[in-house]
Amino acid sequence: MRLRASGLQFDYGGAPVLAGVSLELREGQLLGLVGPNGAGKSTLLSCLHGGLKPSTGNVRLEGVELEQLSRREVARAIAVVPQRCEVAFPVSVEHFVGLGRFAYSRFLGGQTQADLDAVEVALERMQLERLRRRAVDQLSGGEFRRVLIAQALAQEPRIMLFDEPVQQLDLRHQLEVMEFAREFARGAGQAALIVLHDLGLAARYCDELALLHRGRIVASGAPASVLTETALGEVWNVRAAIERSPATGALQIVAISPLHEVSP
Amino acid sequence: MSASRATLVSTLGLALLFVCVALSLAAGVIHVPLGEVLRALRGGLEGSSDGSLSRTLVLEMRLPRGLAAASVGAALGTAGCLLQALLRDPLASPTMIGTAQASGFGRVLGVYLGFSFASSVALAFLAATLGTLLVLYVSRARRGFASQIVLLTGINVGMLFMALIGLVQYSSRDEGQLSRMVLLLLGGLWQVSWEPLRFVLPVTLVAVVLAQFGARSLDLFSLGEANADRLGLATRRAGPAILALACLLTSLAVSIAGVIAFVGLIVPHAARRLVGPAHAVLLPASAALGGALLVLIDCIARTAVAPNELPLGVLTSLVGVPLFLMLLRSMARRGAAR
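The listed protein sequences correspond, in order, to chains A and B. In terms of numbering that gives the first Met the number 0, the first sequence opens at residue 0 and continues consecutively. In terms of numbering that gives the first Met the number 0, the second sequence opens at residue 0 and continues consecutively.
Some hints here could point you the wrong way.
[Unchecked claim] Sample of chain B residues with no beta-carbon within 10 Å of chain A, all distances over it, derived:
| no. | residue |
| --- | --- |
| 1 | R54 |
| 2 | L151 |
| 3 | R179 |
| 4 | S192 |
| 5 | L314 |
| 6 | F323 |
[Stated by the list, open to error] Derived coverage of chain A by chain B (criterion: at least 3 residues anywhere in the stretch with Cβ under 8 Å from a Cβ of chain B; other residues may be distant):
| no. | segment |
| --- | --- |
| 7 | 73 to 85 |
| 8 | 96 to 103 |
Just so you know, these hints were derived from the structure itself, not from any lab. Don't be surprised by glycine CBs; every beta carbon is placed ideally from N, CA and C.
Modelling step: build the complete structure from the supplied sequences, incorporating the hints.
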């Protein structure tokens, strides 16, 4: 499935957060969305699944505007792994993952075999079988992240949007999440977009990067063409060295020192 | 949540309610043995009339009262459950956010204007909806609601409606009418007869069953609006529907029993401890526990200082406040800053 945003503008009632963003997520692609704090990454991600409505521009899923689809139809195609999810009344892991099936539920009638199977597959894929009865507030950060991904998987989506999924994870879990994202994106008819702060992971795992700065995409394409020393200077305000890692062959970004901000 | 577990909880809940109502028929100043209770019920069903004292007592006084208590408790338990999930706030309840006080105002205004019972319930529902919308308008954040603001606004709006109730009572020039208003709002069931119940019972039953259909949506709302939305819930439609249901249940309860505090707050917590937080089981459990609790407390209200009666609202507060304080204490200890 293909997701295409064109000319997105958005504001929360003040200065524009997105000032005309166009972006395309193609089948088989893992697209990294990078940019400094406050660039509008999370806002863009919300617009991409219809969670926020842009003031102008639109998002099309296989050519159909998201506005034309019900929230359930969207949730059956696009799953979001959010940064945070505070559960007011902590349910079990199994139940929480099962909520990913809401978009398939009918007005009357409980869970179908398809629901149970999808939850089982998701639990297994995220190695959560042993934790299924645990309350979701009794999990470590890494475990809860896996539970969030499992919930998204239970939606059986074609597109997954990850909002900073490796934050607060230890090294091993970071790599696992990135490998999962890449594997998902390679699945038939599937694609994924991932918001990342860690540029090294972004460069290593993503097929392409889109660099968001002050509500605009200022560069996009192969990681090496987006992450340049000039871009790091202009967008992140740091002096940086970009090298190839002998171990992984991927770009390695070393931020050396902050640059004094040039007044605009 | 498997459907069978929800069915099991609903069945057990109904059985519990049935037992409590049956016990309430036997209890009172004049003890009626259960055998005679059953005879009277059977006689009532067959339409025969032997005119005995126990028959009148059971069929005309205790049965409507037991059913009223069950219906009020079930309505408040369910309404509390709906509000807590919708606002993601364990401290939300019809009385905490002013819905019950607003209903009380509508109901008293109905008495003042000489409305029929059904029209006063409609007026109570209207006032409840307006009052609750006011609270939610003030406390609406960009996404979801700001908990502390909801509760503080609710307390204020509650006070506003208590003041309006005072105004209506003060304006009443008819002593009979005034005393009816005062008794109504004290929180009690001593004046319940079959007449209002013919309306309240079926509507409450329908509303409690309708709430059940919202179980999955409530599970999602507990995750917050943004998360509910990403999982496919049309929050803009489901939210108002759930709110309307909570207002309807509250106004039904208030219309026959006045403002009864703490049931809507405490019962969902007790139910959560018993069956867990999944709404497919939590909703029936809250309805049943609320109903059972109120039937039992009403029995105490009728019998503790016989031949006089204690106001039900006073008793529920006496029971509810210590439980509420314990709840607050445990939240404070867990460091839940709200």
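How the hints compare with the structure:
1. Here B:R54 stays apart from chain A, with its beta-carbon at least about 41 Å from theirs, past the 10 Å limit.
2. Distance to chain A confirms B:L151 as a non-interface residue, since its nearest Cβ pair spans about 19 Å, more than 10 Å.
3. At roughly 40 Å from the closest C-beta of chain A, the C-beta of B:R179 stays outside 10 Å, upholding its exclusion from the interface.
4. No Cβ of chain A approaches the Cβ of B:S192 within 10 Å, the least distance being about 36 Å, so the stated non-interface status holds.
5. In this structure B:L314 is separated from chain A by more than 10 Å, as the shortest Cβ-Cβ distance comes to about 28 Å.
6. The Cβ of B:F323 sits about 17 Å from the closest Cβ of chain A, beyond the 10 Å cut-off, so the non-interface label holds.
7. By the rule of at least three residues with a Cβ nearer than 8 Å to a Cβ of chain B, the coverage given for the segment 73 to 85 of chain A holds, with 8 such residues.
8. Using a Cβ-Cβ cut-off of 8 Å, 5 residues of the segment 96 to 103 of chain A lie near chain B, which meets the minimum of three, so the contact claim holds.
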